[in-house]
Amino acid sequence: MQDLQNSWRDDTYLLARKRQGTIGMSLCVFLVVWIAVAYVLGVLSSQFVPKSMLSDSLNTLLVSDISQYLVALPIAMLIMRTVPAAKTRQFSMKFSQFGGFFAVCIPIMYIGNIVGVFLATVLSGGKAENRVSDTIAAGNMWETFIFVVILAPIVEEWLFRKQLLSRLRAYGEKRAIVFSALAFALFHMNIFQFFYAFGLGLVFGYIYIRTSKLSYSIFLHMIVNFQGSIVAMWLEKQLVDASGNMINVEKMSRQELTRLPTGFILAGIYGMFMIAMLIVGVVLLVRRRKYLVFFNAPQELPNKAGNKALYGTVGVIAFLIISILLNLLMLFV
1 MQDLQNSWRD
11 DTYLLARKRQ
21 GTIGMSLCVF
31 LVVWIAVAYV
41 LGVLSSQFVP
51 KSMLSDSLNT
61 LLVSDISQYL
71 VALPIAMLIM
81 RTVPAAKTRQ
91 FSMKFSQFGG
101 FFAVCIPIMY
111 IGNIVGVFLA
121 TVLSGGKAEN
131 RVSDTIAAGN
141 MWETFIFVVI
151 LAPIVEEWLF
161 RKQLLSRLRA
171 YGEKRAIVFS
181 ALAFALFHMN
191 IFQFFYAFGL
201 GLVFGYIYIR
211 TSKLSYSIFL
221 HMIVNFQGSI
231 VAMWLEKQLV
241 DASGNMINVE
251 KMSRQELTRL
261 PTGFILAGIY
271 GMFMIAMLIV
281 GVVLLVRRRK
291 YLVFFNAPQE
301 LPNKAGNKAL
311 YGTVGVIAFL
321 IISILLNLLM
331 LFV
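Note that the sequence shown covers residues 1 to 333 in my numbering.
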């Protein structure tokens with residue numbers, strides 16, 4: 001009986017290693033093809049596309065998304081699809097539960113952003129710039145809404161939650177969620193975003209693991225991106241006066257305070273709402289963490305063997321090395 005159990009574990013370990021290594025290699029291919037095609041498209045657009053036709057921000061978004069979604073992703077999926085995806089039951093989520101997950105995202109974003117900015121500043125000697133924020137700030141709301149709020153969440157959740165988690169969960173739910181979140185964060189290729197993207201990836205991953213419904217994580221991802229882009233752009237405009245200077249209420253008389261623009265007041269209400277969500281999110285993170293549910297996977301491996309079967313494969317090691325180097329390189333580009 002003991003020999004039979006050992007044989008089963010050995011076979012499971014070898015199969016897990018082979019399949020998870022294949023997934024790592026598919027992500028590696030995705031990265032390499034994406035960067036190569038984006039470089040070629042960038043050169044071609046600079047040579048043949050008149051600057052009057054496309055803004056710099058729209059050109060950047062188009063080059064990135066075409067190279068990712070229309071070229072790199074289909075090629076990577078040819079490799080990833082050789083690994084079977086687990087079929088699971090779908091479960092619904094209550095509105096109150098969804099609201100709780102939204103609240104949890106707020107402190108994750110704030111804390112993750114602080115850590116990311118600090119690390120990027122330290123590593124670059126204060127010279128690094130947040131390329132994503134600069135691109136969004138330079139664009140218009142419609143560009144941002146289409147590419148950042150709608151398109152990115154749909155494709156990213158489909159890849160990092162549905163495709164990755166459906167193939168990794170058979171060997172351990174927790175390990176699958178962590179790796180999916182790590183890959184999601186590294187694919188942003190932006191140290192500024194890495195930590196909060198990783199934290200959000202854990203939340204999105206848990207939602208998908210427990211419901212097997214992609215719509216929940218997509219919608220939450222859209223809300224998060226909407227806040228960080230459209231709302232941020234709107235807030236910036238509401239907090240300045242006609243001269244472009246920041247409105248300082250401390251220096252205003254009572255009469256001037258009564259004439260504050262509606263947008264400024266709405267921005268203040270929104271700020272108070274976010275502070276409330278921040279507090280609620282912290283409370284939920286601390287008090288509700290112990291209520292998270294994880295089930296043993298059908299082919300679950302012990303921690304040490306499971307980690308080795310995932311992070312010890314050539315495909316995953318290659319992906320981690322290339323993606324980490326690209327994240328560091330982007331600090332200086």
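It is possible that some hints are incorrect.
Taking lysine-lysine pairs in the BS3-like style, the calculated list, with each CA pair at most 27 Å apart, reads [as the list claims (entries may be wrong)]:
#1 Lys18 - Lys308
#2 Lys162 - Lys308
#3 Lys87 - Lys308
#4 Lys290 - Lys174
Distance ranges between label pairs, derived from CB positions [claimed, not checked]:
#5 Leu235 - Leu70: 48 to 58 Å
#6 Lys237 - Leu123: 40 to 50 Å
#7 Val117 - Trp234: 28 to 38 Å
#8 Leu328 - Leu285: 41 to 51 Å
#9 Ser52 - Lys18: 14 to 24 Å
#10 Gly42 - Asn303: 36 to 46 Å
#11 Ser55 - Leu235: 19 to 29 Å
#12 Val40 - Ile269: 21 to 31 Å
#13 Lys18 - Phe95: 37 to 47 Å
FYI, nobody ran anything at the bench for these hints, they're computed from the structure.
Ideal Cβ placement from N, Cα and C applies to all residues, glycine included.
Kindly confirm whether 40 to 50 Å is satisfied by the beta carbon distance between lysine 237 and leucine 123. Violated: the Cβ-Cβ distance is about 32 Å, outside 40 to 50 Å.
Would you mind confirming whether the straight-line C-alpha gap from lysine 18 to lysine 308 stays at or under 27 Å? 12 Å, holds
Could you see if the CB distance from leucine 235 to leucine 70 stays within 48 to 58 Å? 33 Å, violated
Does the Cβ pair lysine 18, phenylalanine 95 satisfy 37 to 47 Å? The hint (37 to 47 Å, Cβ to Cβ) holds, given that lysine 18 and phenylalanine 95 are roughly 42 Å apart.
Verdict for valine 117, tryptophan 234 (Cβ pair) under range 28 to 38 Å: With a Cβ separation near 22 Å, valine 117 and tryptophan 234 fall outside 28 to 38 Å, so the hint is violated.
Between lysine 87 and lysine 308, is the straight-line Cα distance small enough, at 27 Å or below? 25 Å, holds
Falls inside 36 to 46 Å, the C-beta gap from glycine 42 to asparagine 303? 43 Å, holds
Is the distance from the Cβ of leucine 328 to the Cβ of leucine 285 consistent with 41 to 51 Å? 29 Å, violated
Is 14 to 24 Å a correct range for the gap between the Cβ atoms of serine 52 and lysine 18? About 52 Å separates the Cβ atoms of serine 52 and lysine 18, which means 14 to 24 Å is violated.
Is lysine 162 close enough to lysine 308, meaning Cα to Cα at most 27 Å? 23 Å, holds
Verdict for valine 40, isoleucine 269 (Cβ pair) under range 21 to 31 Å: 47 Å, violated
Taking only the CA atoms, is the gap from lysine 290 to lysine 174 under or equal to 27 Å? At roughly 14 Å apart (the allowed maximum being 27 Å), lysine 174 and lysine 290 satisfy the hint.
Checked against the numbered hints listed earlier, the structure breaks hints 5, 6, 7, 8, 9 and 12; every other hint is satisfied.
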